[in-house]
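Q: So you can see what is in the structure, the chains are spelled out below.
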Amino acid sequence: MNAAPLWEELSAFVDGELEPARAGQIASHVQHDSTLRRQVQEIGRLSAALKAPSCYFLAPKTLRSAVCRAAAERSRPKGSTVLSRWFAWRPMASALALAGLFALSIRLADPAVTATDRLQEEIVASHLRATMSRRLVDLESADPRALAPFLSSRLDFAPSISELDVAGSSLVGGRIDYVDGRTVAAVVYRVGDHVLDSFVWPTGKGDQRVTQTSKRGFQIARWSRGGMAHCLISDVSAEQLSAIVRQLESSIAGRTSS
Amino acid sequence: MEQRRPSHDRSHAFEAVALPHLDAAYNLARWITHNDQDAQDVVQDAYLRALRYFDGFHGDDVRPWLLQIVRHAGYSWLAKNRSKDVVGLDDSDDAWRETPGPAAQEPQVIALRKAEQASVNDALAALPVGYREVLILREMEELSYRDIARIADIPIGTVMSRLARARRLMRQALLTADFEPRRRSVSQEIST
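If you read the protein sequences in the order shown, they are chains Z and R. Following the working numbering, the numbering of the first sequence begins with 1 at its first residue and continues without gaps. Following the working numbering, the numbering of the second sequence begins with 1 at its first residue and continues without gaps.
Chain Z with its partners taken away, still in its complex shape:
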């Protein structure tokens, strides 16, 4: 059945409320019938006129606040007294107290956070300074047995120096650096095109497992073992650094246990 639409159907057609099949039929009727076309235009004109802002009454501002006030008033349980209204502040008071406690706990945790942060900043700065100034090492040597006495003679401890058993890596040398408020040994390796600094210094704290983070595009790994703090920094990938850490860690562990 493909009859020409009556006014009612045409009105629903303009509203897009007809079945797609019937809407298609009507569309072709409208296309070929100038009277239908004018009727569609009329409905469209009327629609546009009714959408004019002057037809739409916006809610006065006073109504908005009145509705909010009434809703709040109505939400309050019956028999609301001055006392109970005061108690209505209790959730807010406890929230404030909680917020205060939270802020306090952050402040308490603060020194530890900033200490780690500061150390990482120092390590990054030291690494950058060395790589950019080209004074990468005080003594250039690929031989750990030559490096060890050089470093220990300038420090109050004797750092152990391992060769890296990683493809494309080489021992470049060592230098004395200043980190965490003290002089430390920095052993420098090359891994492919990357420079890797390995900082070592004595620590009073016990052994700590490896933690690896990234800072300003550098990978940093830290751990402590046998009274020595170790910190590696390089712009190698996180996976590469993990592999290097595992290798160095096991060689150091083997040495300290032997």
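It should be emphasised that the hints constitute simulated quantities derived from the structure, not laboratory data. Quick caveat: nothing in here was measured; it's all calculated off a predicted structure. Be aware that a few hints might be false.
[Stated by the list, open to error] Pair ranges (Cβ atoms, derived):
id : chain 1 : residue 1 : chain 2 : residue 2 : range
1  : Z       : ALA243    : R       : HIS12     : 48 to 56 angstroms
2  : Z       : SER54     : R       : PRO20     : 17 to 25 angstroms
3  : Z       : GLY181    : R       : ALA13     : 53 to 61 angstroms
4  : R       : PRO20     : Z       : GLY181    : 57 to 65 angstroms
5  : Z       : ARG69     : R       : ASP153    : 29 to 37 angstroms
Quick reminder that beta carbons are idealized off the backbone N, C-alpha and C, glycines included.
Got chain Z; can you put chain R on it based on the hints?
A: Same frame as chain Z, now just chain R:
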């Protein structure tokens, strides 16, 4: 004292959900009552009713739900204050439904195009409220026939016929109004 917090949150949740539709609510109430103060009272009344039913509302489309309550409050106001405005509409006027569209001629389309905005407002205000509300919900709120059916509490088929009838009545009113020079001189033309 333990109920305090939930009721407090509830009022805030309600505001967050219902306040964005305040303009739509007021506009509908304003067109039903024809004046600002009564429209405000109707909206306030409706919002308090809505708050009461808020816990039972689990739908995702707030606007039709809220407008349904506003319309109901508006009709309650009409029944109390303008009972003669609440007229039953003969939706079973099958004879009318069978009529073809008016044989629109080019001058008439032009006349409608030039109809003044004041005439449009007057014509809409003069429509029986049952036609007026479907036109408002459709053209101003752009709601679907299904939503309108729910709000006005009528079948979808009735929405369709009332809208068509409302448009036809508006058309007649505007064509008549357009030939009254008195109105033409006081307001602007529709720009399109």
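Q: Determine whether the Cβ-Cβ distance between GLY181 of chain Z and ALA13 of chain R falls within the hinted range of 53 to 61 angstroms.
A: The hinted range 53 to 61 angstroms holds for GLY181 of chain Z and ALA13 of chain R, with Cβ atoms some 54 angstroms apart.
Q: Can the suggested window of 48 to 56 angstroms be confirmed for the beta-carbon pair ALA243 of chain Z and HIS12 of chain R?
A: Check passed, 54 angstroms falls within 48 to 56 angstroms.
Q: Does 57 to 65 angstroms hold as the CB distance between PRO20 of chain R and GLY181 of chain Z, or does it fail?
A: 58 angstroms Cβ-Cβ, so the 57 to 65 angstroms window holds.
Q: SER54 of chain Z and PRO20 of chain R, beta-carbon distance inside 17 to 25 angstroms?
A: For PRO20 of chain R against SER54 of chain Z, whose Cβ atoms are near 22 angstroms apart, the range 17 to 25 angstroms holds.
Q: Is the distance from the Cβ of ARG69 of chain Z to the Cβ of ASP153 of chain R consistent with 29 to 37 angstroms?
A: Since the Cβ atoms of ARG69 of chain Z and ASP153 of chain R sit about 30 angstroms apart, the hinted range of 29 to 37 angstroms holds.
In terms of the numbered hints stated before, the structure departs from none.
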